[in-house]
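Asker: Single-letter residue listing:
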Amino acid sequence: MQQQPQNNAHRDETQLAREKVLFRYSSALQRGDFDIVAAVLHEAQDDPVLERMVLDINAIYTDDTNTQAEVEAATVVQRLLQEHLPSGFVQTQEHLETPLTVGDVAARLQTEAAAKGQVDGEISKITGQLRASQTALPTKLSQHNIRQLFEELGVNVSRRVQKLFRDTAIFLAMGRTQGRMRMAATRQQKQLREEPIDEAQPGQDEARQ
Amino acid sequence: MNTVFFASVIADLYSEAGAPLPTVDRPLVPLSDLMGAYDLTCTELTGLTSATAIQELLRRGGIVEPPERLSHERLAGFIYTAAHIGAIFVERADYLVRRRFSVAHELGHYLLHFRPLLQAGESDEPSVYEAMEAIPFSSSEAEPDQMPVGRMTFTRPAQSTASQKSFRDMEREANQFAGELLMPKEIVQGLVEHHARAAHGEDLIWRIATDMLVSRSAMRWRLRFLGLL
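So the protein lines, in turn, are chains U and S. Sequential numbering of the first sequence, starting at 249, is according to our numbering. Sequential numbering of the second sequence, starting at 13, is according to our numbering.
The set of hints was computed from the structure by calculation and includes no laboratory data. The beta carbon of each residue, even a glycine, is placed where N, CA and C say it ideally should be. It is possible that part of the hints are untrue.
Said to hold, decoys possible - Okay, the calculated beta carbon distance ranges per label pair:
| hint | chain 1 | residue 1 | chain 2 | residue 2 | range |
| --- | --- | --- | --- | --- | --- |
| 1 | S | 105 | U | 294 | 39 to 49 Å |
| 2 | U | 345 | S | 179 | 46 to 56 Å |
| 3 | U | 384 | S | 107 | 33 to 43 Å |
| 4 | S | 44 | U | 396 | 34 to 44 Å |
| 5 | S | 21 | U | 294 | 30 to 40 Å |
| 6 | U | 438 | S | 178 | 42 to 52 Å |
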């Protein structure tokens, strides 16, 4: 029966250790100390809870970049994150092939508004209405098609939100396209590397003769 | 590419967008509506550089992996395309007339160069997929006849196809497309006739440029091209 307090104490210690690591990580981000950043990311590879905390910190950090130096640093951190914590950037073939839905775009709009700390009544209302929608987006994301989509959904939105929705849908579609094509290119390169070398290469026959 | 070809691309653009053609009484070209016909966005950023544009795309989920070697040079316009989908960025602090020209220039690259090349790559060669172009920022009103000259970046497989046409030619074509789109020949001619009785020389250029929301240097260049100056 005395096991429980011991377990709790262990959990507290682990969490405290994580918070210390996280503090080290955010301080390193502010100083631009990428050695420490990489070391923490390496540590987070074996700790899913720490990994989640690091990704959350990074999302806030990325949204806060304004100056040129901050943009540069954020790009380096993004690369380090993809290298050390690829699970935070899951881009499976299946995910990339799945058609984008109205719900995907609504969820993204909601996340972006929350990250900016924005309170926008119309966006909140629309995302609330559409977040669960499984309706596929039109193949072509023209202004006309998006207007028609909202008519079909029976949702009345302003021109401003329609534009925001369309822009977000285009960015998401672009991200999936880039992910799909990079994945295909990587597969192609891998295949090329794995192809057996033809034994009868030019020059070899001559050497045999 | 000649004037007839540009005219047919522009006619397709209006038809695709279902937008009304400009007239002498209503000479403004509806750029936003025309871009709205394609999978294309336009964003204004303060302090635009290749790096800040890519950072914005990363933040908004437009790319999953940033391209390498991004510049911090200040830009007036920038376009990134992945296959048939494109994102145009313009410097928010730039003059409105130049922002419009930058958008039209990038739209020209998208329609004339990137889209045909990358759409073909989308089906045949999965590794042909990204292209970028950047227009450097000019802090003062451009010199007469001086049109923007941007820099392009393709992914390697596309580079070999693109190099069949020189980058300089593509820049010239994008500028000519922007000129033809923003300042249609018939409208410019009509406005010259309309204003010619009351204005001449620089005053005439200024009036027509103001009517069409383009810079004086762009209008001067267009009038010379049309033999009206």
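Asker: Now look at each hint and say whether the structure bears it out.
Answerer: Against the structure, the hints:
1. S:105 x U:294: 39 to 49 Å: 47 Å Cβ-Cβ, so the 39 to 49 Å window holds.
2. U:345 x S:179: 46 to 56 Å: violated, 35 Å
3. U:384 x S:107: 33 to 43 Å: holds, 41 Å
4. S:44 x U:396: 34 to 44 Å: violated, 18 Å
5. S:21 x U:294: 30 to 40 Å: violated, 56 Å
6. U:438 x S:178: 42 to 52 Å: violated, 34 Å
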